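A.B. asks: Chain by chain, the residues run as shown.
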Amino acid sequence: MTNSSPAVGLTRDEMAQRAALDIPDGSYVNLGIGIPELVAAYVPEGTEVIYHTENGLLGMGPSPQPGLGDPELINAGKRQVTALDGAAFFHHADSFAMIRGGHIDLCVLGALQVSESGDLANWSTGAPDAIPAVGGAMDLVAGVRSIRVITQHTTRSGEPKLVKSCSYPLTGPAVVGRIYTDLAVIDVTSDGFQLVELAAGVDLAYVQERTGADLKPIAIHPHGGD
Amino acid sequence: MTNSSPAVGLTRDEMAQRAALDIPDGSYVNLGIGIPELVAAYVPEGTEVIYHTENGLLGMGPSPQPGLGDPELINAGKRQVTALDGAAFFHHADSFAMIRGGHIDLCVLGALQVSESGDLANWSTGAPDAIPAVGGAMDLVAGVRSIRVITQHTTRSGEPKLVKSCSYPLTGPAVVGRIYTDLAVIDVTSDGFQLVELAAGVDLAYVQERTGADLKPIAIHPHGGD
Amino acid sequence: MIDKTHPDAASAVADVFDGATVLIGGFGEAGSPVELIHALIDQGAKDLTVVNNNTGSGEVGLAALIKAGRVAKMVCSYPRTANSTVFPELYRSGKIELELVPQGTLAERIRAGGAGIPAFYTPTSVGTPLEVGKEKRSFGDRDYVLEYGLTGDFALIKAKTADRLGNLVYNKTARNFSPVMAMAAATTIVQAGALVTPGGLDPEAVVTPGIFVDSVVLVPDPEHESVLVERGVSYP
Amino acid sequence: MIDKTHPDAASAVADVFDGATVLIGGFGEAGSPVELIHALIDQGAKDLTVVNNNTGSGEVGLAALIKAGRVAKMVCSYPRTANSTVFPELYRSGKIELELVPQGTLAERIRAGGAGIPAFYTPTSVGTPLEVGKEKRSFGDRDYVLEYGLTGDFALIKAKTADRLGNLVYNKTARNFSPVMAMAAATTIVQAGALVTPGGLDPEAVVTPGIFVDSVVLVPDPEHESVLVERGVSYP
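Quick mapping for you: the protein sequence lines, in order, are chains A, B, C and D.
Using the working numbering, the final residue of the first sequence is 226, and nothing's skipped along the way.
Using the working numbering, the final residue of the second sequence is 1226, and nothing's skipped along the way.
Using the working numbering, the final residue of the third sequence is 2236, and nothing's skipped along the way.
Using the working numbering, the final residue of the fourth sequence is 3236, and nothing's skipped along the way.
The hints are simulated quantities; they were obtained by calculation from the structure and are not laboratory data.
Check the hints yourself; a few may be wrong.
As the list claims (entries may be wrong) - Covered stretches of chain C (chain B as the covering partner; in silico rule of three or more C-beta atoms under 8 angstroms from a C-beta of chain B):
id, region
1, 2038-2044
2, 2191-2204
As the list claims (entries may be wrong) - One side only, chain D facing chain C, incomplete, derived with CB under 8 angstroms:
id, residue
3, LEU3090
4, TYR3091
5, TYR3121
6, VAL3132
7, GLY3133
What the hints assert, rightly or not - If you want the footprint, here are the derived chain D segments under chain B, 3+ residues with CB under 8 angstroms:
id, region
8, 3114-3120
9, 3172-3178
Model, not experiment: these values are computed from the prediction.
Every residue, glycine too, gets a C-beta built ideally from N, C-alpha and C.
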């Protein structure tokens, strides 16, 4: 199948905005590098979310004003951030105690592939000359209660990223709860991929065609959380 | 053997003073409850020793002036203490990381019995109606590099506390390096008890008579450390 | 808006259930959340497993909770201290269970519980009666025992200052077990001597980040256990 | 009197020996002890095993140490970052070894090493290629892998402020791995942006107590790695 930049589907910011809608008030949230980083900007007014960055900060705020950043106040993507009132700094072992110990409510990550059983592959394509690099991804999926993924529905060459079984090395087995793509919101259930919501201009057949596993049609509770 | 408060031998304070002489400048030291607590007062002028108390303080100072204490600034014996300039407070897991991780240089403890192989019994007489209570003693002997004991040479009823083999439950096997009693300074070596120094007015025979295992006579290096 | 404050100790401990495991901060009286414990006595939960370094003193605070017959089992390192008579009597008459844990192992087990570590090896207790029943294993030339992470349904702890997000700082050696207990409990309830607005605590100096805290009650002038014992107070 | 200060970085790193394991603080450039690393390059120790979250960027700091051929093996979680070319080239040509460790496991292994814990169980990496070769075990209904404590001969870390006793506080997210590395190294060497007399740091806010520190060098205006990289600096 080919994928020539379809006019349909959500932009990166729209995907982030959609994911932001599902974040409950008062949550402790870790956002992965890339599109997930955009989510913070779209959390609705009146919802207080506390952002954790695994390099040692709870209460992370947005990027600093130009010229006001500190190269030693960064996020996990190594970009400069700010610390909000009520923030706390801590060391790496304490930070991953929060993660591994189940204290972070939800995490939004990028993905290379997600399987219909919720397996996530997001750290390595397994290419022989690639430099293996895992960072904190395996700790996050092993420890955070709810793992959500934001990803383009297909690769640049049009291959499905939602698959029956991941061909890339796993970050963790059976960990993903919900997936936000440019085409749809999809839950991972014991029955596999469950369509929750379609982007404007696409239908089930269109999304199914671009998905590597069966997609259950929208059920009775389309906006249920994971 | 009977023991009718002999005129010979060191007082509690003299024992503490003798133990203090062997503490190297710059040491990190944990002092047990009882006579060991007295040691701090006798560390020679010019020697800077940093005291650790396992309930979360490094840089412990002496008792507060009357009326200036804080019931929440106490030592492991639950007595009010002070914090010196350069002190640091920390939680219990960090405190025992210092102990278990081998960061404390030496520890001075009390004893019920010490065996000639350095086994220490200082937490329980094994009496059937006793309330078992161990505190931090087992952690200290498992983690601190040099364990020294201050104790009366015999029990109140005159029984030896330095023995071939402990009859009381162990705090730890083969952990004690040096013993300060009211009668002598004794090292635990691979050959058993090695007399290092005698108190004024006693001789080897006198001490041997009150010791439950062979005592090697004073050797060439009587003031060597453990 | 996140606001973890409660109007009083009674509402903060309202959800403690019969049979719960309750981690109670403090080393002796330092850091003992006396007002929260008294609220728990009033609340009535029973068959509790309580984790604390000691067993309280006199007939106030933890000792009062034990005396009221609410505690089925104590997990601690040193269950006898000055003015501690309640626990020894119940223990000798077989009315309360005791799990004796070396102090450093207790602290590490609680930290492990809070950090998602199910088990770890430690040298402490090897070669002693407390190694009995524990799995042993050698690493390098030394023997170790396997110890398990310890978690609680609730933690009751005392802080010096808190904010509405649950960030905490402590007073001196009153810190002791409280930061790890806050990590290890499903629900952590704090009595704080002062409340500040977020930003009122230096983010470099926060000891317990709010993520580990669920409920905060302001108790501006907490009682000192030793003062109550000296006055002969018996709670309730 | 205890005085852990050294006059310069060269004297502080003088004892690092060939084949040593060196824990180097920092997450990216935040907390990277650039001046100590440069002193280590000048000093000449080789065949080092270096533990750091990353592998440096540009040709300064950690990347320069690697480029100088002094590092036989890297232990890290994320060996590729923006402006990181030195390590990838050496790795692809088989000239440097890599032990890839998940970030949280790396932090916990270092803490365990410093805390006298030889090994612990963690759920991280179960069901992934990184579980290969690891001992597995179930606790409750979940699988875990056994991970080992990690210690170093030396730690090189960067602090904001120190005193002569080695008490440290850090700057924001520059704290990261440094407190646990200070615990886990036989000899911990610190570059501090400021020195105060004992008592100048709040004892409630000290992050690394001096017991974990051996040497302190004052480096009042440390270089930022990103600034050096942007300027195209190559060390030495």
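A.B. asks: Going by Cβ atoms only, is VAL3132 of chain D closer than 8 angstroms to chain C?
C.D. replies: Interface hint status for VAL3132 of chain D: violated (21 angstroms vs cutoff 8 angstroms).
A.B. asks: Classify the hint on LEU3090 of chain D as holds or violated, based on whether any CB of chain C lies nearer than 8 angstroms to its CB.
C.D. replies: Violated: closest Cβ of chain C sits about 31 angstroms from LEU3090 of chain D, beyond 8 angstroms.
A.B. asks: Do at least three Cβ atoms from the region 2191-2204 of chain C come closer than 8 angstroms to Cβ atoms of chain B?
C.D. replies: violated (count 0)
A.B. asks: Interface hint check: TYR3091 of chain D, Cβ to nearest Cβ on chain C, cutoff 8 angstroms. Holds or violated?
C.D. replies: 30 angstroms, violated
A.B. asks: Restraint: GLY3133 of chain D near chain C, CB-CB cut 8 angstroms. Satisfied or not?
C.D. replies: 17 angstroms, violated
A.B. asks: Within the assertion that chain B covers the region 3172-3178 of chain D, do at least three residues meet a Cβ-to-Cβ distance smaller than 8 angstroms?
C.D. replies: violated (count 0)
A.B. asks: Closer than 8 angstroms, Cβ to Cβ, for at least three residues: run that test on the region 2038-2044 of chain C against chain B and report holds or violated.
C.D. replies: Our answer is that it is violated, as 0 residues pass the Cβ test (under 8 angstroms) against chain B, missing three.
A.B. asks: Given as covered by chain B, does the region 3114-3120 of chain D meet the bar of three residues or more with CB within less than 8 angstroms?
C.D. replies: Check passed, 4 qualifying residues.
A.B. asks: TYR3121 of chain D was flagged as interface toward chain C. Is the shortest Cβ-Cβ separation under 8 angstroms?
C.D. replies: At 5 angstroms from the nearest chain C Cβ, TYR3121 of chain D passes the 8 angstroms test, so the hint holds.
The structure fails to meet hints 1, 2, 3, 4, 6, 7, 9 from the earlier list, while all remaining hints are met.
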